[in-house]
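There are 2 protein chains.
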Amino acid sequence: MQVIKDISGMQAISDARTNGIRIGFVPTMGALHTGHLELMKRSVAECDYTVVSIFVNPAQFGKNEDLSRYPRDLDKDLELMRPLGVDYVFFPTEEMMYPDGYKTWVELSEISDVLCGASRPGHFRGVATVVLKLVNIVRPDFMYMGEKDFQQVVVLETMLRDLNLKTQIVRCPIVRDENGLALSSRNEYLSKDEYIRALGLNRSIKITRDMAKTGERSVLAICSLISQHLLECNARIDYVKIVDSNSLTEQVEVNDQSRLLLAVWIGKTRLIDNARVLLDN
Amino acid sequence: MQVIKDISGMQAISDARTNGIRIGFVPTMGALHTGHLELMKRSVAECDYTVVSIFVNPAQFGKNEDLSRYPRDLDKDLELMRPLGVDYVFFPTEEMMYPDGYKTWVELSEISDVLCGASRPGHFRGVATVVLKLVNIVRPDFMYMGEKDFQQVVVLETMLRDLNLKTQIVRCPIVRDENGLALSSRNEYLSKDEYIRALGLNRSIKITRDMAKTGERSVLAICSLISQHLLECNARIDYVKIVDSNSLTEQVEVNDQSRLLLAVWIGKTRLIDNARVLLDN
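Chains as they are written, first to last, in this note's numbering: chain Y, 1 to 281; chain P, 1 to 281.
Since the hints were made in silico from the structure, they are not lab data.
Heads up, some of the hints might be wrong.
Remember, identical chains collapse to one label, so a pair may be satisfied in a single copy or spanning two.
Claimed, not checked - Below, computed lysine-lysine pairings styled on DSS-like, alpha-carbon distance capped at 25 Å:
#1 Lys241 with Lys148
#2 Lys148 with Lys103
#3 Lys213 with Lys192
#4 Lys103 with Lys241
#5 Lys166 with Lys41
#6 Lys148 with Lys268
#7 Lys76 with Lys213
#8 Lys268 with Lys63
#9 Lys148 with Lys76
#10 Lys213 with Lys103
Whenever a hint applies, use it, and build me the whole structure from the sequences.
Here it is as structure tokens:
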């Protein structure tokens, strides 16, 4: 496993590939958890070589967000990756990625401004821009991403398709801990009490699926009950939505394409979770 | 010379290249003139194969601009190209480039909103986006562009650098007709009287250089005189500026980096021209 700290070094490796070699890529902000490691394992299993990037991207954090306190521990991250068969770790600096005079940004209309984009203005602009840069540097065939950041996956799939890039996103299922909490680097911020309250997210998914299984199709009815449950967990709700999983537009009635998307604040920590509503599809 | 009308056909050709093969690319909107042909000749001379795209990009035209009357004549364009040694002509449709649900746009801060970007809001967003798409489809090593669209060249160089693309722009000098008018597909719109008035643009460059040669360094003094000259030609001035040729910021005093940029309306036709101010650099 080789750590590469400069862009031209990473590009030299991409340039040296021969036709037919499949490059797998896992972009991360470090603070790795089992969810990240599962993405890497799958890439290693499916591709000829695997690149993992670690870059806490300032462009996707808002002014009052947690950029400065976001967990960073390269040595621990490398230790976790070492047994997995990852070939290259790309670890650039902010100055390399956004040098003086940097001016270019990728914007996606409609799907960037709703849901997480509504409460985090500019977030998906930052995500889309950095991923486009990383894709241009690494030139992967497959990019492995977790469905926990569901909107992110939809935004990036749209960007890659619109810009005629050949990189394909491989969507990987959410990894949860033994109590059902979706793994996130931000879970580190939670106190014990907050952790217990955060379990309301996964319970909300179960409640939604149970309602749907018994025939409930009204998005309003489901979201009202879920909101009530989350408030009882002492969560501050950012949004509780059921949307079409392709267009991210809000639905009135549940159908095969319905996805429940949740975002809440537990204390000072913002957490998200999501799930398909109807299971037998 | 092969005409390719679909994106995947063009991508198959880019994919089939082997290492070390240099691809030259000339993006155009058709209505070819000698300026375009010079770009193609240079690409053919310097690269292993040359791709020319012809696409009248709706995204770079404003609502009240000349998209519908922009000259289109594929057969004539192909005839002009045939003797030059161009290998591939990429000729996609609007529906292929911007299919239903298209959402992704490239924006550049600062340099897109001044000069032509100030009078044509969204223009450089459209230019940057379509060129990024074309670059991703053709994957050229070198992209040949005329300095007539000086701001466009600066915007696209910035985009390619910021997004870590390896395509390099080869800047080619402005080609002028026997009376000094910079070649442009829009010159077709000019009546005889308007053509004569349009020659004021090139005369403005000569006046500027003469003033600079005799020691004048005040941008205000030069631009005042040039504006007066253009008004005497019955041109409606969009802008008369002397800017730093890298940052496009306006200067107060002429120096080695000074570039005169002109945009005027002659009747209903918008024309631009530009030149380095100090010649002996």
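Hint check results:
1. For a Cα distance limit of 25 Å, the shortest separation of Lys241 from Lys148 inside one copy, 15 Å, qualifies, whereas the shortest one across copies, 51 Å, does not.
2. Only between protomers do Lys148 and Lys103 lie at most 25 Å apart by alpha-carbon distance; the minimum there is 22 Å, versus 30 Å within a single protomer.
3. In this assembly of identical chains, the alpha carbons of Lys213 and Lys192 never lie at most 25 Å apart, being 33 Å within a copy and 76 Å across copies at closest.
4. When the C-alpha separation of Lys103 and Lys241 is checked against a cutoff of 25 Å, the pair qualifies only between copies, where the shortest distance is 22 Å, while the shortest distance within a copy is 34 Å.
5. Taking identical chains as interchangeable, the C-alpha atoms of Lys166 and Lys41 lie at most 25 Å apart only when both belong to the same chain, with a minimum of 22 Å there against 30 Å between chains.
6. With identical chains, the CA atoms of Lys148 and Lys268 are at most 25 Å apart within one copy only, with a shortest distance of 20 Å there and 54 Å across copies.
7. Within a single copy, Lys76 and Lys213 get their C-alpha atoms no closer than 43 Å, and across copies no closer than 64 Å, so neither meets the 25 Å cut-off.
8. Taking the closest pair of Cα atoms, Lys268 and Lys63 come within 25 Å of each other only inside a single copy of the chain (15 Å); across copies the shortest separation is 46 Å, beyond that limit.
9. Taking CA atoms no more than 25 Å apart as the test, Lys148 paired with Lys76 passes inside one copy only; the shortest distance there is 23 Å, against 54 Å between copies.
10. For the homomeric pair Lys213 and Lys103, neither the shortest alpha-carbon distance inside one copy (50 Å) nor that between copies (35 Å) is at most 25 Å.
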